[in-house]
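*Asks:* Okay, here's what each chain looks like letter by letter:
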Amino acid sequence: MTNLHLAVALDGAGWAPNAWREPDARPAELFTARYWIDLIAEAEAGKLDFVTIEDGLGVQTDDPAQVQGRLDAVLIASRVAPLTRHIGLVPTATVTHTEPFHISKAIATLDYVSRGRAGWRVQLSAKSAEAAHFGRRQIPAISPDKINDPDVRAVVADLFDEAADYVEVVRRLWDSWEDDAEIRDAATGRFIDRDKLHYINFEGRFFTVKGPSITPRPPQGQPVVTALAHNDIPYRFAEKSADVVYVTPKDAADAHRIVNDVKVQHVFADLVVFLEPVQNAAILSDARVFTGTPAQLADLLLEWQEAGITGFRLRPGRLPSDLRGITRGLVPELQRRGVFRTEYEADTLRGLLGLGKPANRYAAEGVRVA
Amino acid sequence: MPKQIHLAAHFPGVNNTTVWSDPAAGSHIEFDSFVKLAQTAERAKFDFFFLAEGLRLREQGGQIYDLDVVGRPDTFTVLAALAAVTEHLGLAGTINSTFNEPYEVARQFASLDHLSGGRAAWNVVTSWDAFTGENFRRGGFLAESDRYSRATQALETAKELYDSWPADAIAADKENGVFLRHPDAGTFQHTDQHFDISGRFNVPRSPQGGPVILQAGDSDAGREFAAATADAIFSRHGTLADGQKFYTDVKDRLAKYGRERDSLKVLPAATFVLGDTDNDAQERARVVRRQQVSGATAIKFLEQLWNRDLSSYDPEGPLPEIDPDVSDEHIARGRASVRMHRDPIAVANEWRQKAEAEKLSIRDLIIEVTGRQTFIGSATTIADSIDHLVQEDASDGFILVPHVTPGGLDEFADTVVPLLQEKGVFRTEYEGSTLRENLGLAPR
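Chain order of the listed sequences is A and B.
Residue numbers for the first sequence follow this note's numbering, so the first one is 71 and each next one is one higher.
Residue numbers for the second sequence follow this note's numbering, so the first one is 43 and each next one is one higher.
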């Protein structure tokens, strides 16, 4: 049996609305570096492939009894990068209201400061309230019962098409410098070989971007692009844009069906995880909620792996307790069963995921021309 | 007590000040270079570390300019990572107010301020040109005349966002189940010529209540903008007479905004060359100037004034006899300095006369006219000069620009800083935990 891949999704005090009230929760420290350093160090001690960090361009809720507020996830990842050595760092960044040029250089730079451990969870925003934070476009309020109306589907399809163009721009900018573009040739006084820098000249329905990036190609070439997807429109987006897709099967049969539907290199299943002891795991969730022992969770993961799932993004219900349940309970259980690493086998996130360093699309063009 | 000096370290930039050909020159991209310079600055008790930014690679004659360092990392991302390897050093980033939206940039600065424990600073720059705009979905959307009004409103809007969370908004009261003490924390509504936004900001109030604001504009509008909004001004006026004139000008503008004279720090950019003796330093400075202005670089500089392709000219030969092209279309793009030459034909005539009188080649002339280093001398000479300029109100300190990455500040840290400390004009320990405290600014 091949090894499975394990990631955890970090969000505030955990995915349960009342997680911040748990005895070992640290709700007053959610906006400090120390809080995130401790969590990600715990994940790294568990030899996990990567962590994702949730983010958004608005508050999570209007309920004062729940956690509100977030720090920028790219900056959290960057703050933690110099203090970790192996674990992949995959912040969420929203594409709908932001500039692909900025996100491209931010993720490239995260790849530099982490020496090849950067990824990106692409997120789009269909919320009218978040559009109002930017004031440059209107997005109609979408109510959940209208999600299959043709008008609503058209709005959503456009947002995903825009996201696909955005990722294409980000990826082209990452390749816009060839790896050996910096030559420092004292004889001619040239710092770069400008023939190895490329205008990306992207022109799409939504925007145009000229390039090249101001940041040289990142160590991994292409940092790992990931996306959460629940149905056909996002599945097609993920196939076009992502290296890892997070999906939300109900059971092994559903996992099998999804794996046959969405063709992405890595298909990770999302699970909300409460490891015992559990008093009340009542939570509304898009992903299946697991409650039980590490051994029971290991059984479930292996069953889903049989169905074709290559990895899991576990969403700890409570932090830090369910994260520790994963790193100190589930991981040793999987190691005993011989399906999870006991030491990090690679220095980059692509390496951990078995993805090679991709050729530069522009360098390849040059070869063809020659 | 004598006036206290403030010092900052500028990571070497993408211009010919930076000597990338020096055997000691390291990477401009690898994180280790940033760590090295930042840790040297912190060891020397500097106020802050400074990153510049440009959002389009420079071009000349329709091609990417290749003689200087090219390429740099993302500003916010590097500063957040540096917060992990420093404890006290301020972290200042240059961020453009034209190609960023207030909600996003405010959450990035507020996040950086949280993640660094109160050490964030924003050097607010403006641009308007369609050339830079080609990298952005909005394109070149702004008229030049509107760039300061957009910057002013962007900054004002960002301040409203920082202030939208009361300092005590988070109760995190587990027992009673109250996370937010103020349920409407973050609520904002802002409408002006440039922005029409409303909703809720999602980053709680940060340790400094928002970043320290730096500003670098030199025009009348730029100085007014600084007087109205900035905590420190990054100027180009590093000499005694010129510095005093600038210093008085901007400090005099503060009163009409109800501000105290010491609420705005004037920090000119400064280069330096140290030597064991003053003569030794002069000799080293001459060598550095020749490294900074190669023959090829001299021709490119000349092209920027002449606005013509001069690649057929010999840098060791005389200046061109033809006159500059004064059409609007400029040969160099993405470079602030190209607008410096207001009357190119007059400047060209001056340069030709100077070259003829002093028997200077193109390269010699460019070395002469593009400015020598601000401070040249032994450590004692430089420490005395810096102290004199600050005590005589030509500045409140300096933003030092080393010419070698990343070790170019080491000698200054080891030799000049101890002398300033002995004079009692520079800290031996950080006074506070935030940048605002170390700069002696009132809390916001």
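Hints were generated in silico from the structure; no laboratory data involved.
Glycine included, C-beta positions come from ideal geometry on N, C-alpha and C.
Keep in mind that a hint or two might mislead.
[Stated by the list, open to error] Computed cross-link-like contacts, SDA-like style, restricted to lysine to any residue with a CA-CA straight-line distance of at most 25 Å:
1) B:K216 to A:P152
2) A:K266 to B:S69
3) B:K216 to A:P390
4) B:K45 to B:K201
5) A:K266 to B:K201
6) B:K201 to A:G126
7) A:K280 to A:A433
8) A:K427 to B:S69
9) A:K280 to B:D188
10) A:K280 to B:S336
11) B:K216 to A:Q193
12) B:K87 to A:P152
13) A:K266 to B:K298
14) A:K427 to A:E248
15) B:K298 to B:G251
16) A:K197 to B:S187
17) A:K266 to B:D188
18) A:K266 to B:G68
19) A:K266 to B:G103
20) A:K280 to B:K298
[To be verified] Computed spacing ranges between beta-carbons, pair by pair:
21) A:V225 to B:Q231: 17 to 27 Å
22) B:R85 to A:P210: 34 to 44 Å
23) A:Q405 to B:R85: 42 to 52 Å
24) A:P347 to B:G482: 15 to 25 Å
25) A:R206 to B:E464: 48 to 58 Å
26) B:T412 to A:R254: 16 to 26 Å
27) A:T102 to B:A263: 48 to 58 Å
[Claimed, not checked] Residues of chain B clear of chain A, computed beta-carbon distances all greater than 12 Å:
28) K45
29) R85
30) I106
31) D110
32) R114
33) R149
34) G300
35) Y472
36) L483
*Asks:* Each hint needs a verdict: does it hold in this structure or not?
*Replies:* Now for the hints, and whether the structure bears them out:
1. A C-alpha spacing of about 33 Å is found between K216 of chain B and P152 of chain A, which places the hinted pair above 25 Å, so the restraint is violated.
2. For the hint linking K266 of chain A to S69 of chain B, the alpha-carbon distance of about 18 Å falls within 25 Å, and the restraint holds.
3. Taken as a hint, the K216 of chain B and P390 of chain A pair is honoured in the structure, with Cα atoms around 16 Å apart against an allowance of 25 Å.
4. Simply put, K45 of chain B and K201 of chain B have alpha-carbon atoms about 30 Å apart, too far for the 25 Å limit, and the pair is violated.
5. Taken as a hint, the K266 of chain A and K201 of chain B pair is broken in the structure, with Cα atoms around 42 Å apart against an allowance of 25 Å.
6. Of the pairs offered as hints, the one joining K201 of chain B and G126 of chain A holds, with about 20 Å between alpha carbons and a cut-off of 25 Å not exceeded.
7. Only pairs whose Cα atoms come within 25 Å are accepted, and K280 of chain A paired with A433 of chain A is accepted, the gap being roughly 18 Å.
8. With a C-alpha separation of about 22 Å, the suggested pairing of K427 of chain A with S69 of chain B holds against the 25 Å cut-off.
9. The straight-line distance between the Cα atoms of K280 of chain A and D188 of chain B is roughly 24 Å, inside the 25 Å bound, and the hint therefore holds.
10. Of the pairs offered as hints, the one joining K280 of chain A and S336 of chain B is violated, with about 31 Å between alpha carbons and a cut-off of 25 Å exceeded.
11. Using a Cα cut-off of 25 Å, the hinted pair K216 of chain B and Q193 of chain A is violated, with the two alpha carbons roughly 31 Å apart.
12. For the suggested pair K87 of chain B and P152 of chain A, the alpha carbons sit about 22 Å apart, so the restraint of at most 25 Å is met.
13. Taking the CA atoms of K266 of chain A and K298 of chain B, the gap is about 53 Å. The hint is violated against a cut of 25 Å.
14. Distance hint between K427 of chain A and E248 of chain A is fulfilled; the C-alpha atoms sit about 13 Å from each other, no more than 25 Å.
15. A hinted pair counts as satisfied when its Cα atoms are at most 25 Å apart, and K298 of chain B with G251 of chain B qualifies at roughly 24 Å.
16. In summary, the hint linking K197 of chain A to S187 of chain B is not supported, as the alpha carbons are separated by about 34 Å, beyond the 25 Å threshold.
17. The hinted pair formed by K266 of chain A and D188 of chain B fails the criterion: a straight-line CA distance of about 36 Å is larger than 25 Å.
18. Restraint check for K266 of chain A and G68 of chain B: the C-alpha separation of about 21 Å stays at or below 25 Å, so the hint holds.
19. With a C-alpha separation of about 18 Å, the suggested pairing of K266 of chain A with G103 of chain B holds against the 25 Å cut-off.
20. Between the alpha carbons of K280 of chain A and K298 of chain B the distance comes to roughly 43 Å, so the proposed pair goes past 25 Å and is violated.
21. At about 25 Å, the beta-carbon gap between V225 of chain A and Q231 of chain B stays in the expected band of 17 to 27 Å.
22. Separated by about 56 Å at the C-beta atoms, R85 of chain B and P210 of chain A break the suggested range of 34 to 44 Å.
23. Between Q405 of chain A and R85 of chain B, the C-beta spacing of about 43 Å keeps the proposed range 42 to 52 Å intact.
24. Distance hint for P347 of chain A and G482 of chain B: a CB-CB separation of about 53 Å, inconsistent with the stated range 15 to 25 Å.
25. The supplied range of 48 to 58 Å is met by R206 of chain A and E464 of chain B, whose beta-carbon atoms lie about 55 Å from each other.
26. In this structure, T412 of chain B and R254 of chain A meet the distance hint of 16 to 26 Å, their C-beta atoms being roughly 22 Å apart.
27. Between T102 of chain A and A263 of chain B the C-beta distance comes to about 39 Å, which lies outside the given range of 48 to 58 Å.
28. Look at K45 of chain B: its CB is around 34 Å from the nearest CB on chain A, clear of 12 Å, so calling it non-interface holds up.
29. Listed as a non-interface residue, R85 of chain B keeps its Cβ farther than 12 Å from every Cβ of chain A; the least gap is roughly 17 Å.
30. Under the 12 Å C-beta cut-off, the non-interface status given to I106 of chain B relative to chain A is violated; the minimum distance is some 4 Å.
31. Consistency note on D110 of chain B: stated as away from chain A, yet its beta-carbon is not over 12 Å from all of that chain's, at 6 Å minimum.
32. At roughly 6 Å, the least C-beta separation between R114 of chain B and chain A is not larger than 12 Å, which violates its mark as non-interface.
33. Not every Cβ of chain A is farther than 12 Å from the Cβ of R149 of chain B; the closest lies at roughly 6 Å, contradicting the non-interface assignment.
34. The claim that G300 of chain B lies off the interface holds: its Cβ sits roughly 30 Å from the closest Cβ of chain A, which is beyond the 12 Å cut-off.
35. Remark: the non-interface label on Y472 of chain B is consistent with the geometry, its nearest Cβ contact in chain A lying 18 Å away (cut-off 12 Å).
36. Taking the minimum C-beta to C-beta distance to chain A, about 23 Å, the non-interface status of L483 of chain B holds against the 12 Å cut.
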